[in-house]
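Order-wise, the sequence lines are chains X and C.
Residue numbers for the first sequence follow the numbering used here, so the first one is 1 and each next one is one higher.
Residue numbers for the second sequence follow the numbering used here, so the first one is 1 and each next one is one higher.
These aren't lab readings, by the way, just hints derived from the structure by calculation.
Take every hint as true, because none was put in to throw you off.
From chain X, some residues computed to sit far from chain C (all C-beta separations above 10 Å):
| no. | residue |
| --- | --- |
| 1 | Leu11 |
| 2 | Ala32 |
| 3 | Ser41 |
| 4 | Glu142 |
| 5 | Leu301 |
| 6 | Ser340 |
| 7 | Gly342 |
| 8 | Leu345 |
Covered stretches of chain X (in silico footprint by chain C; criterion: 3 or more residues with CB under 8 Å from a CB of chain C, positions within the stretch not fixed):
| no. | region |
| --- | --- |
| 9 | 198-210 |
| 10 | 378-389 |
Pairwise CB distance ranges, derived in the manner of DEER restraints:
| no. | chain 1 | residue 1 | chain 2 | residue 2 | range |
| --- | --- | --- | --- | --- | --- |
| 11 | C | Glu142 | X | Thr331 | 50 to 56 Å |
| 12 | C | Pro224 | X | Gly343 | 55 to 61 Å |
| 13 | C | Ala98 | X | Gly249 | 32 to 38 Å |
| 14 | C | Glu305 | X | Gly451 | 52 to 58 Å |
| 15 | C | Val444 | X | Pro399 | 49 to 55 Å |
| 16 | X | Pro273 | C | Arg247 | 38 to 44 Å |
| 17 | X | Ser293 | C | Ala108 | 22 to 28 Å |
| 18 | C | Thr37 | X | Asp69 | 47 to 53 Å |
| 19 | C | Arg122 | X | Gly270 | 54 to 60 Å |
| 20 | X | Pro220 | C | Pro224 | 20 to 26 Å |
The C-beta atom is built at its ideal place from N, Cα and C for all residues, glycine as well.
These are the residues of each chain, in order.
2 protein chains.
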Amino acid sequence: MPVTSDTPLLLARLRSALPAEALLTAPAELAAHSRDTAPFSACGTPAVVAVPRTAEQVEHIMRTAYELDVPVVPQGARTGLAGAANAVDGCVVLSTAALDRILSVDPANRLVRCEPGVTTRRLAEAVAGYGLAYPPDPASWETCTIGGNIATGAGGICCVKYGVTADYVLGLDLVLPDGRRMRTGRDTAKGVAGYDLTRLVVGSEGTLAVVVGATLALRPARPPALSLLAQFPTLTAAGDAVAAITRAGHTPSALELLDRATTRAIADLGAHPLVRPGSAATLIVESDGADPSADLTAMELLCKEAGSDHVATSATAEEAREIIEARRLVTPAIGAYMASRGGGLTAFIEDVAVPRSELPKLIGQIEDIAARHRLQVFTLGHAGDGNLHPTVVFDPSDPGELDRARTAYDDIMAAGLALGGTTTGEHGIGTLKREWLERELGPVSLELQRGLKRLFDPKNLLNPGKVVSA
Amino acid sequence: MPVTSDTPLLLARLRSALPAEALLTAPAELAAHSRDTAPFSACGTPAVVAVPRTAEQVEHIMRTAYELDVPVVPQGARTGLAGAANAVDGCVVLSTAALDRILSVDPANRLVRCEPGVTTRRLAEAVAGYGLAYPPDPASWETCTIGGNIATGAGGICCVKYGVTADYVLGLDLVLPDGRRMRTGRDTAKGVAGYDLTRLVVGSEGTLAVVVGATLALRPARPPALSLLAQFPTLTAAGDAVAAITRAGHTPSALELLDRATTRAIADLGAHPLVRPGSAATLIVESDGADPSADLTAMELLCKEAGSDHVATSATAEEAREIIEARRLVTPAIGAYMASRGGGLTAFIEDVAVPRSELPKLIGQIEDIAARHRLQVFTLGHAGDGNLHPTVVFDPSDPGELDRARTAYDDIMAAGLALGGTTTGEHGIGTLKREWLERELGPVSLELQRGLKRLFDPKNLLNPGKVVSA
Numbered sequence: 001m002p003v004t005s006d007t008p009l010l011l012a013r014l015r016s017a018l019p020a021e022a023l024l025t026a027p028a029e030l031a032a033h034s035r036d037t038a039p040f041s042a043c044g045t046p047a048v049v050a051v052p053r054t055a056e057q058v059e060h061i062m063r064t065a066y067e068l069d070v071p072v073v074p075q076g077a078r079t080g081l082a083g084a085a086n087a088v089d090g091c092v093v094l095s096t097a098a099l100d101r102i103l104s105v106d107p108a109n110r111l112v113r114c115e116p117g118v119t120t121r122r123l124a125e126a127v128a129g130y131g132l133a134y135p136p137d138p139a140s141w142e143t144c145t146i147g148g149n150i151a152t153g154a155g156g157i158c159c160v161k162y163g164v165t166a167d168y169v170l171g172l173d174l175v176l177p178d179g180r181r182m183r184t185g186r187d188t189a190k191g192v193a194g195y196d197l198t199r200l201v202v203g204s205e206g207t208l209a210v211v212v213g214a215t216l217a218l219r220p221a222r223p224p225a226l227s228l229l230a231q232f233p234t235l236t237a238a239g240d241a242v243a244a245i246t247r248a249g250h251t252p253s254a255l256e257l258l259d260r261a262t263t264r265a266i267a268d269l270g271a272h273p274l275v276r277p278g279s280a281a282t283l284i285v286e287s288d289g290a291d292p293s294a295d296l297t298a299m300e301l302l303c304k305e306a307g308s309d310h311v312a313t314s315a316t317a318e319e320a321r322e323i324i325e326a327r328r329l330v331t332p333a334i335g336a337y338m339a340s341r342g343g344g345l346t347a348f349i350e351d352v353a354v355p356r357s358e359l360p361k362l363i364g365q366i367e368d369i370a371a372r373h374r375l376q377v378f379t380l381g382h383a384g385d386g387n388l389h390p391t392v393v394f395d396p397s398d399p400g401e402l403d404r405a406r407t408a409y410d411d412i413m414a415a416g417l418a419l420g421g422t423t424t425g426e427h428g429i430g431t432l433k434r435e436w437l438e439r440e441l442g443p444v445s446l447e448l449q450r451g452l453k454r455l456f457d458p459k460n461l462l463n464p465g466k467v468v469s470a
Numbered sequence: 001m002p003v004t005s006d007t008p009l010l011l012a013r014l015r016s017a018l019p020a021e022a023l024l025t026a027p028a029e030l031a032a033h034s035r036d037t038a039p040f041s042a043c044g045t046p047a048v049v050a051v052p053r054t055a056e057q058v059e060h061i062m063r064t065a066y067e068l069d070v071p072v073v074p075q076g077a078r079t080g081l082a083g084a085a086n087a088v089d090g091c092v093v094l095s096t097a098a099l100d101r102i103l104s105v106d107p108a109n110r111l112v113r114c115e116p117g118v119t120t121r122r123l124a125e126a127v128a129g130y131g132l133a134y135p136p137d138p139a140s141w142e143t144c145t146i147g148g149n150i151a152t153g154a155g156g157i158c159c160v161k162y163g164v165t166a167d168y169v170l171g172l173d174l175v176l177p178d179g180r181r182m183r184t185g186r187d188t189a190k191g192v193a194g195y196d197l198t199r200l201v202v203g204s205e206g207t208l209a210v211v212v213g214a215t216l217a218l219r220p221a222r223p224p225a226l227s228l229l230a231q232f233p234t235l236t237a238a239g240d241a242v243a244a245i246t247r248a249g250h251t252p253s254a255l256e257l258l259d260r261a262t263t264r265a266i267a268d269l270g271a272h273p274l275v276r277p278g279s280a281a282t283l284i285v286e287s288d289g290a291d292p293s294a295d296l297t298a299m300e301l302l303c304k305e306a307g308s309d310h311v312a313t314s315a316t317a318e319e320a321r322e323i324i325e326a327r328r329l330v331t332p333a334i335g336a337y338m339a340s341r342g343g344g345l346t347a348f349i350e351d352v353a354v355p356r357s358e359l360p361k362l363i364g365q366i367e368d369i370a371a372r373h374r375l376q377v378f379t380l381g382h383a384g385d386g387n388l389h390p391t392v393v394f395d396p397s398d399p400g401e402l403d404r405a406r407t408a409y410d411d412i413m414a415a416g417l418a419l420g421g422t423t424t425g426e427h428g429i430g431t432l433k434r435e436w437l438e439r440e441l442g443p444v445s446l447e448l449q450r451g452l453k454r455l456f457d458p459k460n461l462l463n464p465g466k467v468v469s470a
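Isolated chain X, as found in the complex:
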């Protein structure tokens, strides 16, 4: 039901406060805004894509949809991986693309105020001009938006040292489902006045309110970093190295792990001089501490003691970038693998987190799951955070393989939960993990979470069908 009988009324009401170019109705536009990048997740066709330029226009959209009982689905850059930005039939897609102003950078208070459609990259570059840093660096940071980062509680590589998006959100400017405007949080470093509505909205995947502005904390610019790459003959040895680095009190600014399949794919790509095939695991470690060279020398020794048979350490910023480049080659390497199989394959990026100490066990279990279901799985992860992204590659046109991919996905979630983990470290629930969320939360928490959704959105019009909503 892409266009309901009320669509002409909806459009007429929206046009009363938004210019024509802010309302997209061409079929190609509707299709282009129907989903994010998660496979396995259902989506519908919107009645209209609204692209407001001001918070007042957002208020008008929300009031109108509320009065006409039309669902609203907020969208940033649609780089999400859980279907949280997927349209439902007949909805208004509310794109934040044109709410893209950086309102003020305040070096004295180390904060920035911006609108939700600013890309993470543009924000990071703008504050860098003031000698400041906005650290969260999700993989899609060049194109994803601050609003999307807030909605999903996005993480990234350097959050092992610097924390995730949630740690940087001081306050929010919101429009509620009925169109009312509200501020949460504060412009101060500390504050405990009332319940923390800011953190409630962060990670709520656009189901509680529409973010129209954010006050974000900043840090001093990150110092220059050095890095190392270490390869290990066994997963246990790589896990021992991570544990030893933790135990010795290091706080690396990246601590990334590639499994055997990912290591081989990068080696096969032939684009990186340091990565050798045949290893069970590759660790990439970065330090931007006061003396990164001494830090890395100490960590290199710990890697060797844990059994690494190949360590390369950078002496210059250039070499450090080359090492980190191995992490960036994961996506092209998996792409090359898929192309070598003749195309037609789909890659499904998973997201599961366990206590850091359980990481090698989880990787081993994922390798077993891949073998059992005869699937190629590439696992890479934020080892310092215990957060893994197994990428399952499968042929969606083969019903048997599609079924095995879905089962493997379930098995990976179950393995993560059984190890004391969570079904999502940083990608979110969206439509994809709703059943798993129920298993993870249990009935009492689920009841409260559904109550929270009803409190903010009694008509269930804002991003319905996502997280805990019907």
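Guided by the hints, dock chain C onto chain X, whose structure is given.
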């Protein structure tokens, strides 16, 4: 109405699952548990003080109170400064004093699991044995409890670098007002499964649920620190020094400011060799960075450039402790001032936070307020966080002075809000600041906050009359 007609029934029901020594009813015990340390705040007399030893006993207390419609007031060490732990007439005071086990320290995952009655000091010392640190250091850290810290979202001196209690709470084990048990959060470094109920409960001042267990994140042990003390002829000069330290990218582990009155009181005490009277402001700066000596040399220069006429820098850990001791002398110094006035005076410690850059302005306005109301006010604060604690000293037996103290308190809150701040940086709302909370939040947020309270506690039995509840 200290003992209601239902008290015998309440006690009989409680005794069915709690041993006799866990239920205190002696008038002296009831009086001792009637309030925290906030003046100006009403309190009642409990029907009974329950001191459970297990979470199951807490469940029984909550179920019983829920069935009998009896209010429950959770209490930690009653060191709070906003009346959030004050009893209401006929309530059950639920003391967490005997829920004091440290359940496990997990160095591999840098976390600790404990019960709420553990004191902050005991927790910090226990994890120090593993080379780890639990940084939050509220002034009462030697006696206050982790449960109280979680309830108030407590801060402290080192949170300018290391963050507040909320930043360390990964997960909570809760008993809801109706006696049901629930877990929030996770044992993993990252996680975004569902709405963030953990952060909703942190800072909720015991109005949403009773904390019976917590999983807290830890950090590597803090490196040795050095410090400096700088005095300034004007407030503006001290503010300029704080701004210059921030602008230069320093992250001191303490950045404390004493106003003219506090500086003089410490000098008058004659117990500190470095603090000279006559200065408009004294800054105490600590660095525990990789090279604290270089750090402090740079910050010393910034203080001098800003106009400091007296800087003392520590070269050894011993000297560093001596400098920090000046901060610890604030309470004895104010006490000595009060004693010199013949006793009978009360000290009321305020808590207000503004954007860091507005700090000198707020201190100046507080000095004006003190002069206008002919009151002695000692202001000290966490300058790096923009968080001030003006201490108003007054004679409560003098009705005129009591009135002026109340008016000064209101004037200070109004000044903080007008400068873009919050009415509480770390002490909380309790009963004391309910009216100010309404002004700070505005009607839409207030309505949602009240809805949240109803969602968790539909009968309004858990800590009624605190934060936003009736």
